[in-house]
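Listed below, chain by chain, are the residues.
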Amino acid sequence: MLKNIEVFYFPETVKDAVRLLNRHAPHAAVIAGGTLITKSPNLSTRVLVDIRGIDMDYVKVQAGRLRIGARTSFQSLADSKLLQKWAGGALSRAAAAVTTHLIRNAGTIGGDVARALPYNDMPPVLMALDAEAVIVDGKKTRTLPVEEMVRGHMWRIVGRRALLTEFRLPSETRKRACAIARFARSASDWEAMVHAVASMEKSRGICRNARIVLGAVTRHAQRFPQAEAVLEGKPYSESLAAEAAQAVFDGLTPVSRASAEYRREVASVLVRRAIREVWNENETQQ
Amino acid sequence: MKPSNKGRKSAVAAIKVQDGWMTVETTVNGARQSWKIRPDDFLLDALRREGFKGAKKGCETGDCGSCAVLLDGKAVASCLLLAAQSQDREITTIEGLGTPSEPHPLQEAFVDTGGIQCGFCIPGMILSAKALLDRTPSPTEAEIRRALDGVLCRCTGYVKQVQAVKLAAERKK
Chain S
1 MLKNIEVFYF
11 PETVKDAVRL
21 LNRHAPHAAV
31 IAGGTLITKS
41 PNLSTRVLVD
51 IRGIDMDYVK
61 VQAGRLRIGA
71 RTSFQSLADS
81 KLLQKWAGGA
91 LSRAAAAVTT
101 HLIRNAGTIG
111 GDVARALPYN
121 DMPPVLMALD
131 AEAVIVDGKK
141 TRTLPVEEMV
151 RGHMWRIVGR
161 RALLTEFRLP
171 SETRKRACAI
181 ARFARSASDW
191 EAMVHAVASM
201 EKSRGICRNA
211 RIVLGAVTRH
221 AQRFPQAEAV
231 LEGKPYSESL
241 AAEAAQAVFD
251 GLTPVSRASA
261 EYRREVASVL
271 VRRAIREVWN
281 ENETQQ
Chain E
1001 MKPSNKGRKS
1011 AVAAIKVQDG
1021 WMTVETTVNG
1031 ARQSWKIRPD
1041 DFLLDALRRE
1051 GFKGAKKGCE
1061 TGDCGSCAVL
1071 LDGKAVASCL
1081 LLAAQSQDRE
1091 ITTIEGLGTP
1101 SEPHPLQEAF
1111 VDTGGIQCGF
1121 CIPGMILSAK
1131 ALLDRTPSPT
1141 EAEIRRALDG
1151 VLCRCTGYVK
1161 QVQAVKLAAE
1171 RKK
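Line order of the protein sequences matches chains S and E. Just so you know, we're using our numbering here: the first sequence kicks off at 1 and counts up by one. Just so you know, we're using our numbering here: the second sequence kicks off at 1001 and counts up by one.
The following block holds chain E by itself, in its conformation from the complex:
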């Protein structure tokens, strides 16, 4: 169901809240979704409720970056966006990137370099790296560091994760 224009003089798309609920149509990892949500639900909460638990709930203030997802190809903090803002947009979560038997090249590179310890921050790291490599296939180290600047890791430090992104970029060539 597209946002309804009925009953309005203008042709402005709208989503109405009925009995405290609203329906948002969005696309996650290429599949169309129809979510019944509360108007103040954050994108992170909606995603996790729908089973996309790769997006982690850390600080909920946009500081830690473990909730990062791609919104129309750009990495954003899903804890700061309302779920309704994802109406008619494309979301990519870590679940959309690979499978245990066929991991994404970035996932493989993170494993190969030892860039993963507890794993909590890794979805945000890998999605941030994907957004970078999609636009800049051969990034400099400074560009990699900048692309990962929104995600905090309390286990490894950041050296191996930067190496992982470099490795993935090299393998892609």
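Chain S on its own, in the form it takes in the complex:
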């Protein structure tokens, strides 16, 4: 596990944390809630940077954009009044569905993306809402779509000297409708079998900016542009939802856990349900 740790740091600023990561790279790792890192063996880690003292626990709107601190716990996301209103409260609902309150009190949205296991619950919803991750690396600050962040362990994507500090959602996603269809062995199961998220805007009866994302079926959460293209610019109908679901079925090669046939089938059913739900949700909001 973490037997080779030589020192724990407790920085109180992003600057100090990034400096420590740089000084001790490639042997330093960030710890926030701890629910993932403590159970993942990595013998090369010698320095742990505990970021609990850094002000990265917030949900706020600035210049129309939603900003979520990377250290915000699942429970705080679930309880956030602001988040409960953004995109129909999709992120808040997804956070409330993360296993149990013992984990929601500790685990953070940043950890869920930085160590993006295929079944993590936040990435598909963040991707459906065009979220960007803010990465501080040395003196530079840059943003990266969450879609790119989750293609592997954060170390592989942005290196081991960077700190993930925040997520930003564009202002136009505030009014987007977003539905989640999650299937797991039990409600409290950490690992969804299939996690489908659909989001879109409805403009005079037409689907716009459709996003179809699947988690837990492939190596990382993935958007399905083929299915999105089916919906784009068309009036909603049951057969349109079925056509989009078919595009997912055709384009999906599931890996591991349960048979591929089974997961493809479940994925296409959940996508159809999510599209239907997102459309109806949108309907009632108008």
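Calculated directly from the structure, the hints in this document are not laboratory data. Every residue gets a Cβ at the ideal spot worked out from N, C-alpha and C, and that includes glycine. Accuracy of the hints is not assured; some may be wrong.
Heads up, simulated EDC-like pairs for lysine to aspartate or glutamate below, C-alpha to C-alpha not over 16 Å straight-line [said to hold, decoys possible]:
1) K1160(E) / E1090(E)
2) K85(S) / E172(S)
3) K1166(E) / D1134(E)
4) K39(S) / D1045(E)
5) K1036(E) / E6(S)
6) K39(S) / E1060(E)
7) K3(S) / D1134(E)
With the Cβ distance kept under 7 Å, some of the chain S side facing chain E (calculated, not the full set) [to be verified]:
8) L2
9) K3
10) E6
11) Y9
12) G34
13) T35
14) T38
15) A97
16) H101
17) L102
18) N105
19) D137
Footprint (simulated), chain S over chain E, 3 or more residues, beta carbon under 8 Å [claimed, not checked]:
20) 1012 to 1019
21) 1147 to 1158
Given the structure of chain S, go ahead and fit chain E onto it with the hints provided.
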């Protein structure tokens, strides 16, 4: 001893491991503690070694909740947190809640409703309930169920435990 800043240009607090051991300063049930631990010790193991055996070792994967303790007032799975993460924080274990002669109102309510059988899960149940009642003195049944969702009980089912939390809330009024 506070985390040392010596020998560093920055003022970042740190705890160093020396000869495989490190010292963590924390507060358990209101009393300051100084623990000599291994860097990969989990909070659950450190607590049990120090005599707080009310925190139970069940699954060690964060699924069963029998290891639940309060960390700065919030219920967490102590099997998933490193002991070092408790540095300068406040832990509450079941030992901090009452005595056999003067039980905590929640403990009394669990006994009165018959919510306890083997008892293994009860510390996690009662601490989860305490975290709820501290913030929400008159919870709805849905809130109670949600607050207890992290702790598995294989004896009673959950009906009597939900009743117990309701009873404790009513008596507190």
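To see whether the hints hold, each was checked on the structure:
1. Of the supplied pair hints, the one linking K1160(E) and E1090(E) is violated, its CA atoms being roughly 30 Å apart against a limit of 16 Å.
2. Between K85(S) and E172(S) the CA atoms are separated by roughly 13 Å; this keeps the pair inside 16 Å, and the hint holds.
3. A threshold of 16 Å between alpha carbons decides the hint, and for K1166(E) with D1134(E) the separation of about 13 Å falls inside it, so the pair holds.
4. Between K39(S) and D1045(E), the direct Cα distance comes to roughly 14 Å. Compliance with the 16 Å bound is thereby established for this hinted pair.
5. The straight-line distance between the Cα atoms of K1036(E) and E6(S) is roughly 14 Å, inside the 16 Å bound, and the hint therefore holds.
6. The suggested pairing of K39(S) with E1060(E) holds, with an alpha-carbon distance near 10 Å, which does not exceed 16 Å.
7. Among the hinted pairs, K3(S) with D1134(E) is inconsistent with the structure: their alpha-carbon atoms are about 37 Å apart, more than 16 Å.
8. Interface restraint check for L2(S): the shortest CB-CB distance to chain E comes to about 4 Å, inside 7 Å, so the restraint holds.
9. Here the hint on K3(S) is kept, as its CB sits about 5 Å from the closest CB of chain E, short of 7 Å.
10. Annotation: interface hint on E6(S) holds; nearest CB of chain E at approximately 5 Å, less than 7 Å.
11. The restraint placing Y9(S) at the interface with chain E holds, with a minimum CB-CB distance near 5 Å, inside the 7 Å limit.
12. Because the beta carbon of G34(S) sits about 5 Å from the nearest beta carbon in chain E, less than 7 Å, this interface hint is met.
13. At about 5 Å, the closest approach between the beta carbon of T35(S) and any beta carbon in chain E falls short of 7 Å, and the interface hint on this residue holds.
14. A least Cβ separation of about 6 Å between T38(S) and chain E falls short of the 7 Å threshold, and the interface hint therefore holds.
15. At about 11 Å, the closest approach between the beta carbon of A97(S) and any beta carbon in chain E exceeds 7 Å, and the interface hint on this residue is violated.
16. Proximity of H101(S) to chain E holds as hinted, the smallest CB-CB distance being about 5 Å (cut-off 7 Å).
17. Using the Cβ-Cβ criterion of 7 Å, the hint placing L102(S) at the interface with chain E is satisfied: the shortest such distance is roughly 4 Å.
18. Taking 7 Å as the C-beta cut-off, the interface hint given for N105(S) holds, the closest approach to chain E being about 4 Å.
19. Annotation: D137(S) was flagged as interfacial toward chain E, and the flag is violated, the nearest CB pair being 18 Å apart, outside 7 Å.
20. Under the rule that three or more residues need a Cβ within less than 8 Å of chain S, the assignment of the segment 1012 to 1019 of chain E holds, with 6 such residues.
21. Counting residues of the segment 1147 to 1158 of chain E whose CB lies closer than 8 Å to any CB of chain S gives 4, which reaches the minimum of 3, so the coverage claim holds.
The structure fails to meet hints 1, 7, 15 and 19 from the earlier list, while all remaining hints are met.
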